[in-house]
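Work from the hints to combine the two standalone chains into their complex.
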Amino acid sequence: MTDTATETRSVVVEREIAFPPEKIWRALTQPHLIEEWLMKNDFRPVLGHRFNLRADWGAVDCQVQEVEPNKTLSYSWAAYGLESVVTWTLTPTSKGTRLRMEQSGFRPDQQQAYRGAKGGWPQFFAKLEQVVARIE
Amino acid sequence: MQPPHDILFKTLGDPTRRAIFERLCREGEQTVGALTADAGVSQPAVSKHLGVLKQAGLVRDRHEGRQTHYRARLGALAPLIDWTSQMAGFWQSRFDHLEDLLKRMDQ
Numbered sequence: 005m006t007d008t009a010t011e012t013r014s015v016v017v018e019r020e021i022a023f024p025p026e027k028i029w030r031a032l033t034q035p036h037l038i039e040e041w042l043m044k045n046d047f048r049p050v051l052g053h054r055f056n057l058r059a060d061w062g063a064v065d066c067q068v069q070e071v072e073p074n075k076t077l078s079y080s081w082a083a084y085g086l087e088s089v090v091t092w093t094l095t096p097t098s099k100g101t102r103l104r105m106e107q108s109g110f111r112p113d114q115q116q117a118y119r120g121a122k123g124g125w126p127q128f129f130a131k132l133e134q135v136v137a138r139i140e
Numbered sequence: 353m354q355p356p357h358d359i360l361f362k363t364l365g366d367p368t369r370r371a372i373f374e375r376l377c378r379e380g381e382q383t384v385g386a387l388t389a390d391a392g393v394s395q396p397a398v399s400k401h402l403g404v405l406k407q408a409g410l411v412r413d414r415h416e417g418r419q420t421h422y423r424a425r426l427g428a429l430a431p432l433i434d435w436t437s438q439m440a441g442f443w444q445s446r447f448d449h450l451e452d453l454l455k456r457m458d459q
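Chains as they are written, first to last, in the working numbering: chain H, 5 to 140; chain A, 353 to 459.
If we strip away everything but chain A, and leave its shape as in the complex, we get (with noise of 0.2 Å):
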């Protein structure tokens, strides 16, 4: 088995497949048509690399009526990010958050 990185590494490599998915990553949830329409290659192309994107667990997808909706999975990243630091910082960002509730709650 590939170790994770390996495989994202090998995933994002291709420039479209990656414009794919930082699009997703920037604006949300996308439908494969207007995927397609800023992609600037065919509909069956952008499906296929969102399938590889798929495989490689960045991206969710969700059915809806004849409409097949993408998702970017950020914590696929996971095992490329130094998640000491980010960590460090999302969790001093959460303490905020709960001293702010925490000052809002009844006794």
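Extracted from the complex, chain H is given alone in its bound form (with noise of 0.2 Å):
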């Protein structure tokens, strides 16, 4: 692969938590919980597990990669055209758990297609936004 086919850019949230990572973990891998504050879904902490997370205006694919309990969970996040991975991260600390979110896999050219596409239908964009801000 070339360098730019494997240049990628990703998102990271990370938060100082006032619980124990066994309590955030089960947030982070029991259905009904996930529902609560990501979307609807069928996972199971199992690796190589296939699920969706679904919401109203569509859903996400993805295949669990990695489980490693109260430490480490990881897996594939497919959208139309997007590939990446989301990794989470829980570390404890004497207040509770440090939680990571890395989000990795966007390419530099799906940032140039936004640019492009930006700077062709402003208006069109402008509502699209509008509407993934709800989402939101």
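Don't read these hints as lab results, they were simulated from the structure. Don't take every hint at face value.
What the hints assert, rightly or not - Here are the simulated distance ranges between beta carbons:
#	chain 1	residue 1	chain 2	residue 2	range
1	A	R414	H	P96	41 to 47 Å
2	H	Q69	A	T420	33 to 39 Å
3	A	R456	H	D65	28 to 34 Å
4	H	R48	A	M457	18 to 24 Å
5	A	G417	H	E26	45 to 51 Å
6	H	S98	A	A371	55 to 61 Å
7	A	A397	H	E72	52 to 58 Å
8	H	E87	A	H421	25 to 31 Å
9	A	A389	H	S80	38 to 44 Å
10	A	R456	H	T95	22 to 28 Å
11	H	E26	A	A397	54 to 60 Å
12	H	E72	A	E381	38 to 44 Å
13	H	G52	A	R378	34 to 40 Å
14	H	D60	A	Q419	18 to 24 Å
These numbers were taken from a predicted model, which means no experiment stands behind them. Yeah, the Cβ is synthetic: ideal placement off N, Cα and C, and Gly gets one too.
Written out as structure tokens, the structure is:
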């Protein structure tokens, strides 16, 4: 692979949470709890398990890649035309847990496609962004 | 094979088709009949536009009795969106929800 093909971007969100890793792990891995903070799903904490995350606007195809109870959880995250990997890392601290989420795999050309599109159709994208903002 | 965003641009380049798609984004699932009432074109024309949108992965259909319902698949727009910043906002809000849930959960 060339450098361009392997060059990816990632999103990292990290937060100190006042609960122990065991409790956070439950929220990250039990389907009825996942639904409460993320999306409807058929998740199981089993290596290789394929599952969907579903919302009104569509679905995300996922597959479990790593499960280390109370420590690490990783799954692929594929929407149309976008492949990425979401990795959760739980580190115990004196106050609770440092919870880190990294989603990696955004290619620069996806960024460029967006910019090009934005220049061409500002109105359409303004509406689109409103819709996407509402989803969140 | 065309890159995904080329297909999306081509599909959404038609104003009538784009209006149908925007309406599905705004108002959720609709029948062909309901879409036709506001589209200003005939039902066969609306059906044809929906077929093109479906091929591009932008809508999903669901049959119920004699009616076909269509809904937007916003995930199909992924190649057009700056996912780095979109997703950062998405995950920040999910962390908020997760923290709220943890407060409600039993120990």
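Here is what the structure says about each hint:
1. Our hint of 41 to 47 Å for A:R414 and H:P96 holds, since their Cβ atoms are close to 46 Å apart.
2. A hinted range of 33 to 39 Å holds for the C-beta pair H:Q69 and A:T420, which are about 37 Å apart.
3. The hinted window of 28 to 34 Å between A:R456 and H:D65 holds, with their beta carbons roughly 29 Å apart.
4. Distance hint for H:R48 and A:M457: a CB-CB separation of about 20 Å, consistent with the stated range 18 to 24 Å.
5. Distance hint for A:G417 and H:E26: a CB-CB separation of about 49 Å, consistent with the stated range 45 to 51 Å.
6. Taking the beta carbon of each, H:S98 and A:A371 are about 56 Å apart, inside 55 to 61 Å as hinted.
7. Judged by the Cβ atoms, the range 52 to 58 Å given for A:A397 and H:E72 holds: they are separated by roughly 55 Å.
8. The hinted window of 25 to 31 Å between H:E87 and A:H421 holds, with their beta carbons roughly 29 Å apart.
9. At about 41 Å, the CB distance of A:A389 to H:S80 agrees with the hint of 38 to 44 Å.
10. The hinted window of 22 to 28 Å between A:R456 and H:T95 holds, with their beta carbons roughly 23 Å apart.
11. Distance hint for H:E26 and A:A397: a CB-CB separation of about 58 Å, consistent with the stated range 54 to 60 Å.
12. Between H:E72 and A:E381 the CB atoms are about 40 Å apart, so this pair conforms to the stated range of 38 to 44 Å.
13. Between H:G52 and A:R378 the CB atoms are about 39 Å apart, so this pair conforms to the stated range of 34 to 40 Å.
14. Checking the proposed 18 to 24 Å range against H:D60 and A:Q419 shows it holds: the Cβ atoms sit about 19 Å from each other.
Of the numbered hints given earlier, the model fails none.
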